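2 protein chains.
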Amino acid sequence: MHDSELPAVAALRDALGADVVSLPADFAGRKHADWSRTPSADPVALIRPRTTEQVATALRICHEHRQAVVTQGGLTGLAGGACMLGGEVALSLERMSGIESIDRVGSAMTVLAGTPLQTVQEAADDAGFMFPLDLGARGSCTIGGNLATNAGGNRVIKYGMMREQVLDVEAVLADGNVVGGLRKMIKNNTGYDLRNLLIGSEGTLAVITRAVLRLRPKPRAVSTAFCGATSYDAVTTLLHAAQERLPAGVSAFEVMWPGYYDFVLERLPELRAPLAERHAYYVLLESSGADPERQAEAFEDFLSDMLESGVIADAALASSEADAAVFWAIRDAPGEYPRLIPGRVSFDVSFSIADVGEAARHAQAQLREQWPRATILIYGHLGDGNLHIVVQEPDWPADTAPRVQAVVYGVTAEFGGSVSAEHGIGLKKLGVIALSRTPAELAAMRAVKHALDPLNLLNPGKLLPA
Amino acid sequence: MHDSELPAVAALRDALGADVVSLPADFAGRKHADWSRTPSADPVALIRPRTTEQVATALRICHEHRQAVVTQGGLTGLAGGACMLGGEVALSLERMSGIESIDRVGSAMTVLAGTPLQTVQEAADDAGFMFPLDLGARGSCTIGGNLATNAGGNRVIKYGMMREQVLDVEAVLADGNVVGGLRKMIKNNTGYDLRNLLIGSEGTLAVITRAVLRLRPKPRAVSTAFCGATSYDAVTTLLHAAQERLPAGVSAFEVMWPGYYDFVLERLPELRAPLAERHAYYVLLESSGADPERQAEAFEDFLSDMLESGVIADAALASSEADAAVFWAIRDAPGEYPRLIPGRVSFDVSFSIADVGEAARHAQAQLREQWPRATILIYGHLGDGNLHIVVQEPDWPADTAPRVQAVVYGVTAEFGGSVSAEHGIGLKKLGVIALSRTPAELAAMRAVKHALDPLNLLNPGKLLPA
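If you read the protein sequences in the order shown, they are chains A and B.
Quick note, the first sequence lines up with residues 1 to 466 if you use the UniProt record's numbering.
Quick note, the second sequence lines up with residues 1 to 466 if you use the UniProt record's numbering.
Just chain A, with the same shape it has in the complex:
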């Protein structure tokens, strides 16, 4: 044992070896912050296990030594959930990567938690299936991180969030006990729903090591349109009608407010405007299904009806994948934010679908009152009630962000919305979770945390305010 080594680290190295447990000198320069750039301390050691047994051994030793642990996936989180506060060991699942098996009959895939999302998507595709979870970080984020944060993304309206893409989760609890495993049953009413409790717990209840993912039939055809509407009522009427009448259902319903639409078209000259006129709301509507010819016909009929009945004022129908890409490029413009609007304040909030229009109006009016010249971009997955709001002014004083947050989170609380639709709480949203959860709910969560991690060793200081 080295002089400067902590007893916990020494015990971890004794049990797992120097290959699995590295000391700070071995990983100098390694990045520990996530995409939110929340500052992170350096860990006192880095554990990179190769097996669930090694994870269990590590947690058992940490438990004995009361050593705190932060689990790392792809470090693409947006809430600072994987950053370190000081004194923790980092547990990276990077070596537990790979697809273990694909069950074609059961439409299931067993993967290690460190597997990148994109690897899973590609393997599903190769096997003739689709894994529907999709988000911008797909190349770097891992299935374990997607599970720990209950990731959302682009296709929630049709397929649900990460929680609905999983048949079973294997995880190691704070005391080193392993729960869950390789079950592929869709129905299993035997006791409490530990699986959903661990999913979305952001590394504070367990370390997820493996999962059985649910695969879906691969869509054979995608129909896409870009629509203009004159009122929020018209937008929700379109959503409702699409859900009721499109034979293949709705796989995306992305709404953009004119401030967003005008901004991205002006600032990104490579984008093409799909519609000739300006409208009060823009909707990217997508339906994907099994029957190319009939689906295209039905989609076109539906759009004609919506135009004739005045639900939408205009629509452009994609007649090729290239057309659809033009529409999606407008919705995907946020990828350019770092260049276009540095220093922005961003929100990931959700509301009842009926409230989204009013909530957006209130937020915009209140922001505009305080910051008349600010760029205010509003858009979101309306089918899920999920709104993204981005606010920026070039020469803001340093203390502006908290004031902008006070406005938007204030409106969110007023409408009974969620301060975190899909990004989680981590460290960054600890101060606002109480706007979406009652004291009784937070107390119940603390009781559950204490039950499963009584020494508060797993990702301490995250998800639940002290």
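To be clear, the hints were calculated from the coordinates, so they are not data collected in a lab.
Check before you lean on any hint, since a few could be wrong.
No distinction is drawn between identical chains; accordingly, a pair holds when it is met within one copy or between any pair of copies.
[Stated by the list, open to error] Taking lysine to aspartate or glutamate and the DMTMM-like style, the derived pairs with C-alpha atoms no more than 25 angstroms apart in a straight line are:
| no. | residue 1 | residue 2 |
| --- | --- | --- |
| 1 | K218 | E100 |
| 2 | K218 | D305 |
| 3 | K218 | D233 |
| 4 | K218 | E297 |
No experiment lies behind these values; they were computed from the predicted model shown.
Chain B: place on chain A using the hints.
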């Protein structure tokens, strides 16, 4: 206070009045057993609150007096989850019944927990939606009971179990604190998933008082076929192809083994055989969607392809609702079991879809070996991996049931299946939960139970073995 009254009961009557809290003399003859006919003791008092506040007051008082509570819904459970062991008060939600609001824009309905499922289905239908959960007990079972047991039923393959029909759940914890409420957000990543923890907890963690239910678009067309197949591989090929190719997806995929098919056709002369020949497997396939004409065409094309390519040996296509009813009557024959096969032993197990065929073969062979003359009926929701097995011999000795259970649960454990796919654990399956859950999982569940109900007052003795 009456001489014979318990202090807890006296305090409940003081706080809530005699109208809400009845004494045994007032409810003599009232039934407390569920449909599983598990014997139940009589409660020491019956609480019938009208509001969530009254439920909270009742639980707070019970907590102070360490008085155990059993919550009653429609008493249609099949696992003895609502029966009393002696000394409990019964808390019936029968007066908290009714639909509070329907949100057409958000496709959501807010209901009190005591509302019967059928009332919810009908109100959804009247409002132009569908509430997809459906089971035989629909007229008597309540939404609160459906939530407490995470009910399954006929349409899980397309819409999921009760867990997936809910946006929020209001519940009263053991100490009288109220959690959850009237949130209608689809996405809400703010802390632990208390909602799913309470759903399926069978009244052991909280009393569910209200729910925001998710409504679905009403299908405009239903296509139905009855198919014969020669092998289990063919059955799973048909399932896979149907999921991939039917534009409206698969809304039912019910498989019947020949023992079942022959038995019900022989014993229920009012049934008509849909197919001329006998087959190794029978499949009731249903697809329901938005576009009557195109859907019917696509369904017919699909069946022709399956016949031509030899996946199925024969198929009857329903050309009317009456035809479909004839097919469904064969699958719904278990409603006649009480008359046809008294004294039967029934199972509700699940497996990976890939394992169902082998598991059924093993169970049947082992049962046949011990009881050569027994009636053995096998059928199930194959799309969910859910198998029902019913075994009976007219003049069985009284101790046969445990021996039959040992065989079927033995095979279930061997194939890593679930001993309770949809009926829950209650009291009846306490002895077998350990076949589907590991000691570490049961320990974690006990820790959660202790965290939320430290005095073990909510439905004690159920769901978790002592």
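Structure-based check of each hint:
Taking the closest pair of Cα atoms, K218 and E100 come within 25 angstroms of each other only inside a single copy of the chain (21 angstroms); across copies the shortest separation is 40 angstroms, beyond that limit. With identical chains, the CA atoms of K218 and D305 are at most 25 angstroms apart between copies only, with a shortest distance of 19 angstroms across copies and 28 angstroms within one. In this assembly of identical chains, the alpha carbons of K218 and D233 lie at most 25 angstroms apart only when taken from different copies (21 angstroms versus 33 angstroms within one copy). Both within a single protomer and between protomers do K218 and E297 lie at most 25 angstroms apart by alpha-carbon distance, with minima of 20 angstroms and 21 angstroms respectively.
In terms of the numbered hints stated before, the structure departs from none.
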